[in-house]
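Residue numbers (our numbering): 16 to 213.
No lab work stands behind these hints, which were simulated from the structure alone. Treat the hints with care, as some may be off.
What the hints assert, rightly or not - Subject to a maximum C-alpha distance of 20 Å in a straight line, what follows is the list of computed SDA-like cross-link-like pairs (lysine to any residue): (1) Lys69 - Arg155; (2) Lys19 - Leu108; (3) Lys18 - Ser102; (4) Lys69 - Met16.
Claimed, not checked - Restraint ranges, calculated between C-beta atoms of paired labels, are given here: (5) Phe182 - Ile149: 41 to 49 Å; (6) Ile128 - Lys74: 32 to 40 Å; (7) Leu130 - Gly38: 16 to 24 Å; (8) Ile37 - Phe175: 13 to 21 Å; (9) Leu108 - Thr193: 20 to 28 Å; (10) Asn148 - Ser113: 22 to 30 Å; (11) Lys19 - Leu100: 39 to 47 Å; (12) Ile101 - Cys150: 36 to 44 Å; (13) Gly112 - Ile149: 18 to 26 Å; (14) Phe174 - Ile200: 31 to 39 Å; (15) Cys21 - Thr193: 32 to 40 Å; (16) Ile200 - Lys19: 17 to 25 Å; (17) Ile37 - Pro107: 40 to 48 Å; (18) Ile198 - Ile128: 14 to 22 Å.
C-beta: ideal position from N, C-alpha, C; glycine also.
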Amino acid sequence: MLKKSCILFVLFYTYAAIRYHIGKNLGQEDFLFVLNKAFAWTAGTYFTLTLAPKIWFPKIIGYRRQFGFIGYGFGLLHLVCTIFLISPSNYPLLFNGSQLNIHGYQIIAFGIINLCCFSLPLFASFRKFPEGNICYKFGRIGIYSTIIHVTTIGIQGWFFPQQWPYFLPPITLLYVLTASGLIIIRAFFIKELKPKKL
């Protein structure tokens with residue numbers, strides 16, 4: 016599982032590098048900025064995969080737990096990088112001059128909410144709480160919150176494909192589409208798997 020997660024991360028980083036280093040001409044000094052996007056994308060993807068129907072991963076024992084651990088690990092990397100990077104030069108839309116604006120505080124607030132939501136099922140998993148424990152339900156809330164968080168960050172650039180480097184869609188858009196699609200698919204599977212009333 017760790018090998019596959021590394022491969023996925025490399026693919027995400029390659030996409031980010033092409034889009035930002037080549038497409039937007041960001042130099043080596045922005046390496047951490049671009050790397051952080053791959054950390055965030057990988058974390059969000061693995062968190063979202065915990066919602067996948069069990070039929071998709073029949074051979075992976077405790078796949079939700081494993082995906083959650085991997086997502087949390089990449090999420091922590093994203094958090095640490097963001098703390099180092101947050102500044103008007105890296106995130107100009109979040110600042111008015113040298114001060115965080117309302118949008119910036121909203122982004123940070125959602126980030127804190129996401130961390131809390133994902134920490135609860137992690138704690139429950141370490142303590143081996145039973146599957147139906149309420150702590151696990153916060154993982155799903157965290158995923159919904161992450162979708163809102165990512166949408167808030169990137170929606171301004173979603174509707175102008177002529178401005179996309181090499182016409183590569185923003186990472187925020189790709190994540191929201193795949194996460195929302197998986198949620199819809201899960202709802203469909205749950206509906207199909209429920210026993211029909213006679």
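Evaluation of the provided hints:
Under the criterion of a C-alpha separation no larger than 20 Å, the hint pairing Lys69 with Arg155 is consistent with the structure, at around 16 Å. Of the pairs offered as hints, the one joining Lys19 and Leu108 is violated, with about 35 Å between alpha carbons and a cut-off of 20 Å exceeded. At roughly 33 Å between alpha-carbon atoms, Lys18 and Ser102 are farther apart than 20 Å, so this suggested pair is violated. Taking the CA atoms of Lys69 and Met16, the gap is near 16 Å; set against the 20 Å cutoff, the hint holds.
Taken as a hint, the range 41 to 49 Å holds for the pair Phe182 and Ile149, whose Cβ atoms sit roughly 44 Å apart. Against the hinted window of 32 to 40 Å, the Cβ-Cβ separation of Ile128 and Lys74 comes to about 34 Å, which satisfies the hint. Distance hint for Leu130 and Gly38: a CB-CB separation of about 30 Å, inconsistent with the stated range 16 to 24 Å. About 19 Å separates the C-beta atoms of Ile37 and Phe175, a value consistent with the hinted range of 13 to 21 Å.
Checking the proposed 20 to 28 Å range against Leu108 and Thr193 shows it holds: the Cβ atoms sit about 24 Å from each other. Distance hint check for Asn148 and Ser113: the Cβ-Cβ separation is about 44 Å, which falls outside the suggested range of 22 to 30 Å. Our hint of 39 to 47 Å for Lys19 and Leu100 is violated, since their Cβ atoms are close to 27 Å apart. Checked against the given bound of 36 to 44 Å, the beta carbons of Ile101 and Cys150, roughly 29 Å apart, lie outside it.
In this structure the hint that Gly112 and Ile149 lie 18 to 26 Å apart at CB is violated, the actual value being about 43 Å. A hinted range of 31 to 39 Å for the beta carbons of Phe174 and Ile200 is inconsistent with their spacing of about 25 Å. Roughly 19 Å separates the CB atoms of Cys21 and Thr193, a value that falls outside the hinted 32 to 40 Å. Separation of Ile200 from Lys19 is about 20 Å and conforms to the stated range, judged on CB atoms against 17 to 25 Å.
Range check, Ile37 to Pro107: about 21 Å between beta-carbon atoms, so the 40 to 48 Å window is missed. The hinted range of 14 to 22 Å is satisfied by Ile198 and Ile128, whose Cβ atoms lie roughly 18 Å apart.
Comparing the model with each numbered hint stated earlier shows that hints 2, 3, 7, 10, 11, 12, 13, 14, 15, 17 do not hold.
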